[in-house]
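Participant: Sequence:
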Amino acid sequence: MNGLRGFQLTRPVRSRCLLCIRPTRSFRTTRLVQGEQKEKLGLGLGKPTGLGDKPTVTGLTKTNWAAPANKQQPSQVAASKWARPPRKQQQQQPSSARSSPSSKKDTASNKPGHKRVPTKRDWTRSPANDRHPEKHEAQKRHGVSPPLHRRTEETASQKRERKKLSEEMTLLQKEEERVREQARRRQAKLKAKEAAEKEKEVRDVYIPEIINVANLSRILGVRLEQLISTMKDLEMENTSHDHMLSADESSLIAMQLNMNPIVDARQSLDIFPRPEPANPSELPSRPPVVTIMGHVDHGKTTLLDTLRKTSVAAGEAGGITQHIGAFSVTLPSKKSITFLDTPGHAAFSAMRARGAQVTDIVVLVVAADDGVMPQTVEAIEHAHTAGVPLVVAINKCDKQGVDPSLVKQELARYNVHLEEIGGDVPCVEVSGLTGLGLDQLEETISTLSEVMELRAEKENEAEGVVVESQIEKGRGNVATVLVRRGTLRAGSVVVAGQTWAKVRSMTDHAGRPVKEAPPGMPVKVIGWKDVPNAGDEMLQAPDESTAKTVIDNRVARYQRDQQLRDLEVINEKRRQERERLEQERMVEKEYQKEMMLFQRGIISTAPESLGKRLSAIQSNREEGESSQGQEDMREYRAVVKGDVSGTVEAVVDCLGGLQNKQIRVKVVQSGVGNITEGDVQLAVACEGHVIGFNVKADKKIKAEAARQGVQVRSYSVIYKLLEDVKEQLSDMLPPIVTTQVVGEASVLQLFDISVKGRETKTIAGCRVTNGSISRNGRVRIVRDKETIWEGELDTLRQVKKDIMEAKKGLECGMAFNGYSGFQPGDVIQSIQTIETKQKL
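Numbering (full-length UniProt numbering) for the sequence shown: 1 to 840.
The hints are simulated quantities; they were obtained by calculation from the structure and are not laboratory data. Any given hint could be a false lead.
[Said to hold, decoys possible] Quick list of the computed label-pair ranges, beta carbon to beta carbon:
{"#": "1", "residue 1": "G511", "residue 2": "Q711", "range": "31 to 39 Å"}
{"#": "2", "residue 1": "Q256", "residue 2": "V555", "range": "29 to 37 Å"}
{"#": "3", "residue 1": "D403", "residue 2": "V684", "range": "53 to 61 Å"}
[To be verified] 30 Å max Cα-Cα, derived DSSO-like pairs, lysine-lysine:
{"#": "4", "residue 1": "K191", "residue 2": "K232"}
{"#": "5", "residue 1": "K702", "residue 2": "K720"}
{"#": "6", "residue 1": "K726", "residue 2": "K761"}
{"#": "7", "residue 1": "K529", "residue 2": "K458"}
{"#": "8", "residue 1": "K163", "residue 2": "K191"}
{"#": "9", "residue 1": "K702", "residue 2": "K726"}
{"#": "10", "residue 1": "K696", "residue 2": "K720"}
{"#": "11", "residue 1": "K473", "residue 2": "K502"}
{"#": "12", "residue 1": "K699", "residue 2": "K720"}
{"#": "13", "residue 1": "K800", "residue 2": "K473"}
{"#": "14", "residue 1": "K334", "residue 2": "K163"}
{"#": "15", "residue 1": "K661", "residue 2": "K726"}
{"#": "16", "residue 1": "K174", "residue 2": "K163"}
{"#": "17", "residue 1": "K761", "residue 2": "K785"}
{"#": "18", "residue 1": "K548", "residue 2": "K720"}
{"#": "19", "residue 1": "K807", "residue 2": "K839"}
{"#": "20", "residue 1": "K666", "residue 2": "K700"}
{"#": "21", "residue 1": "K191", "residue 2": "K174"}
{"#": "22", "residue 1": "K174", "residue 2": "K189"}
{"#": "23", "residue 1": "K808", "residue 2": "K761"}
{"#": "24", "residue 1": "K726", "residue 2": "K837"}
{"#": "25", "residue 1": "K529", "residue 2": "K473"}
{"#": "26", "residue 1": "K837", "residue 2": "K666"}
{"#": "27", "residue 1": "K548", "residue 2": "K573"}
{"#": "28", "residue 1": "K720", "residue 2": "K666"}
{"#": "29", "residue 1": "K726", "residue 2": "K666"}
{"#": "30", "residue 1": "K573", "residue 2": "K661"}
{"#": "31", "residue 1": "K720", "residue 2": "K573"}
{"#": "32", "residue 1": "K473", "residue 2": "K573"}
{"#": "33", "residue 1": "K696", "residue 2": "K529"}
{"#": "34", "residue 1": "K529", "residue 2": "K335"}
{"#": "35", "residue 1": "K807", "residue 2": "K785"}
{"#": "36", "residue 1": "K473", "residue 2": "K174"}
{"#": "37", "residue 1": "K529", "residue 2": "K699"}
{"#": "38", "residue 1": "K699", "residue 2": "K473"}
For each residue, glycine too, the CB sits at the ideal point set by N, CA and C.
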């Protein structure tokens, strides 16, 4: 095609009128020109991207591009004949007629050197593009716009309408979204309100005393994972499915899950002390409760005997008080003081502590000739702990050569500052034998009680504390009760600890019957169902039914506490078992890892067998258990019976202190009353002993015990009981075995001798260097100061003669049972074991 110019191709084409957009049939002549001459035409059709592409000028109608004859000329383009006016019209028409004189763009485009691009308006206004001139001329005369203009106007209005509709739809969509969001919020609030109302409706669940985690999840109706998550939120350590939970732990979990736990509705019933009155100054006064405390044999009971003009000390076993005595003393001023006498022996520490807790004033008795002793210091500590004021009574001041001032100086070292040296503790010098200073002591106690303003109501239910309890012949269970508040009357129903009583009768300290006991008065109450424990709080109940229910609840609570202690033991054993299994799994995993490395050649040493590793774990665990003293610990089992609960408690405490790493005392059962056949049978079952304190066993019981091989021993003095039990414990301990070297010999040379035909035996030729070597004794071979063998001699000869003993300087031959590895230079020692009895 290069070089061809003026070549024309005429063919029929289908075109449209640019004014009325109607189809018309005409012929189109296409001229092929060189690509480099297309810009001279001034058509502005745009540069085609290739042959057959459409022009890029907007506003043009459909245009057919003729394919060039040679496709290898991409620079050739096609132009339509109708795209430019005829030659004659272009010559006749001025250039201004083809362009809009009012268009700034057209004006600018007519500048020299500027290539003007035809616009849509140029094409539509050009007469050459009008295919229906007559029709359009008639429409202009009648004022009718061409269809293209109407279509353009309609299109613009439609666009405006569509835009307006689009904006309105957008607003409607936003409004609908806002309404939906408000509806969602209202629904969420409604659901939250319903959930809150549902949470307020707490569901009741009944929980047993003891249950594991898996069963608790079924009772509460929650998944096990949720229950474990709740336990972790409550910071509970063990959350395994088989872990045993107490009622308190289960209740806490249930409350965390918004449930109301019910363990036992009856357990809510109990009796408690009344609150203190708002204005105690309006209450009537009560007698002070004074406890006499001090060291053993410092004259406490003798002092009290002088106060109440009786002789109790003479009736005490060994002259030692072993009970808490309670009595009232009426002063010349008609005022009364309630005294409690506590034991001074070391075994009765619990009684002294209890006496300090129930008293108002403590009278500390210190002997002028003995000074401050261990129980004196203990009594001071009890008083300071209870916050009870002290009154010091220096006793035995009638003795010759005593100096009370030394005692006063000694008390200052234990924070007991007397009034004489600027302190606040009054001090009185007295004598229990002669009555010296007792009037001053009573006056001091009375003055101190007035300063303390001791008051209590008298008309309400009785409250008190059990001082002592015992079983008396003909009376049954008897308890000494100190009334603190209210008035206790005959016929009242009272509870104390785990027992209750309907008061049949009451007696004072002298044995006289009384009908009522006001505050501050100690009385013996008869009518208890069981013997209460000393120190139990006594409270009056409305009736017998309430008392029975309260005691049942307390007994059940005690049993539950016991179950909890057992539960802790069970959980601890399970925890140890889990740890053992986990440790074994880790050992097995480590063994498999090492075996894999050994098989791959990464390590050269074969790992230790799995069985040995597991055996090592087992042995370590057994050593840990034995280190706790659970396997080799020996036990001295005993059944303890006493006359009063306080002494039984003291005996049990003392026996519990008699132990070491090898032996201990286990009290299988203790109680108040005489020794019975049931006690003997229990001792037979547990292979123990029966110990009675201030009680005896009749001949029939003793005969039965002798037949069963059970030791029954009765005591009336506490230190004799302790000494006897210590001796029995010492007999049960294994003896102390010591090794003593009685002779030594040195191995000089070795030689063989023939025995029984062809058999030979190696003999050590020795010289005894110290002591003697016995034929029947044990020997040990020492090499480099280490024992390499220990056993017995098989042969001891001098030349060819058997001898029984080789003394110092003698040369002899020795052979040993089962050992022949001795060497020259070894030392042979003849040893002797000595057994020594252990002392507790």
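Participant: Next, verify each hint and record whether it holds.
Facilitator: How the hints compare with the structure:
no.	hint	in the structure
1	G511 to Q711: 31 to 39 Å	holds (36 Å)
2	Q256 to V555: 29 to 37 Å	holds (30 Å)
3	D403 to V684: 53 to 61 Å	holds (58 Å)
4	K191 to K232	holds (29 Å)
5	K702 to K720	holds (21 Å)
6	K726 to K761	violated (54 Å)
7	K529 to K458	holds (26 Å)
8	K163 to K191	violated (41 Å)
9	K702 to K726	holds (23 Å)
10	K696 to K720	holds (16 Å)
11	K473 to K502	holds (19 Å)
12	K699 to K720	holds (23 Å)
13	K800 to K473	violated (84 Å)
14	K334 to K163	violated (114 Å)
15	K661 to K726	holds (15 Å)
16	K174 to K163	holds (16 Å)
17	K761 to K785	holds (26 Å)
18	K548 to K720	violated (41 Å)
19	K807 to K839	violated (37 Å)
20	K666 to K700	holds (26 Å)
21	K191 to K174	holds (25 Å)
22	K174 to K189	holds (22 Å)
23	K808 to K761	holds (25 Å)
24	K726 to K837	holds (13 Å)
25	K529 to K473	holds (15 Å)
26	K837 to K666	holds (22 Å)
27	K548 to K573	violated (37 Å)
28	K720 to K666	holds (19 Å)
29	K726 to K666	holds (14 Å)
30	K573 to K661	holds (23 Å)
31	K720 to K573	violated (41 Å)
32	K473 to K573	violated (47 Å)
33	K696 to K529	holds (23 Å)
34	K529 to K335	violated (35 Å)
35	K807 to K785	holds (23 Å)
36	K473 to K174	violated (99 Å)
37	K529 to K699	holds (28 Å)
38	K699 to K473	holds (18 Å)
Checked against the numbered hints given earlier, this structure breaks hints 6, 8, 13, 14, 18, 19, 27, 31, 32, 34 and 36; the rest are met.
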